[in-house]
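When we follow my numbering, the leftmost residue of the sequence shown carries the number 81, and every step to the right adds one.
These are calculated hints, taken from the structure and not from any lab test.
For clarity, every value in this text was computed on a predicted model and none was experimentally measured.
Ranges between beta-carbon positions, derived for each pair:
# : residue 1 : residue 2 : range
1 : G210      : L163      : 54 to 64 angstroms
2 : V348      : W137      : 14 to 24 angstroms
3 : L367      : N214      : 49 to 59 angstroms
4 : L367      : V217      : 44 to 54 angstroms
When the alpha-carbon atoms are kept at most 27 angstroms apart in a straight line, the in silico DSS-like pairs for lysine-lysine are as follows:
#  : residue 1 : residue 2
5  : K213      : K198
6  : K293      : K194
7  : K334      : K293
8  : K207      : K290
9  : K290      : K198
10 : K116      : K161
11 : K106      : K116
12 : K194      : K290
13 : K194      : K207
14 : K345      : K334
15 : K290      : K334
16 : K194      : K334
17 : K207      : K334
18 : K345      : K290
19 : K198      : K293
20 : K293      : K207
21 : K290      : K213
22 : K194      : K213
23 : K293      : K213
24 : K95       : K106
25 : K334      : K213
No residue lacks a Cβ here, since even glycine has one placed at the ideal position from N, Cα and C.
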Amino acid sequence: MAAFFDFLGVFVMTKLNARVAETIYKMVDFGGDSGKALVALCAALFAIVLWATAAWWFGIPTSESHALIAGISGAAIALQKGLGGINFNEWVNVLYGLALSLILGFATGWSVVKLVEKLFRRVNRSKTFGFFKNAQVLSSAGMAFMHGAQDGQKFMGVFMLGMFLTQGQAQVTEFVIPNWMIILCSAVMATGTSIGGYRIIKAVGMDMVKLEKYQGFSADLAGVICLFIASLFGLPVSTTHTKTTAIMGVGAAKRISSVNWGVVKEMVTAWILTFPGCGLIGFLMALLFMNIF
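With the sequences and hints as input, model every part of the structure.
As structure tokens, then:
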């Protein structure tokens, strides 16, 4: 189910509003020599794969979105030999997205679960079990849809950049995503979701905090709300951060001790390390690749 709605999210949201993809595309300057720029972009993608694979292996829910942003930024700095490779007007949206995913994710999770508890306070808990079991299926589908809508567009922005560079075009004014690329990216996102998520799902959904059905529904709904707002405004937020902080907010609404803060500490450490860590790898890989190729 998650794979199907991932596919749908990428396809539908990109056709309706591709602002997230455009933000990623314009965030860095790979202009100049299109050949060297393509080599640097390949180095950035290699760095992102290394970082994401390590996170998956250790079951740490680090953000591939932030790894993507950091990796291509590091490569652009290496290519342009300085911060001239960064478009800070677009990078501001990344910072807005970071604040949205962390602060609004937690606050929305807390607020939604409190609202649900208030609405159902006079209903016997056992009678609501079946309702929230079914409702959680719908909210999970919505979360998968918005995951595709956000993360699929980020990688489409990079694919567009790579496509233009292979055609020898380092500077492009018109940003139009072809249908074949939307379908390809949708299929890749769906495949990745279907085969690679168990370790991270366990860390976030089982180890960090134990949730009842209504709490799981609240966390999903909170995540959907935040991701939808971000997508409308073209803010590239981390779906991992957004959903995880929503779960934290839901758990903390019951009591602070409900959250396994040891697991949270590991996650936050991984998040903090992603920007400098993956950015540095992208920078070094770009230098290495440009010297080799």
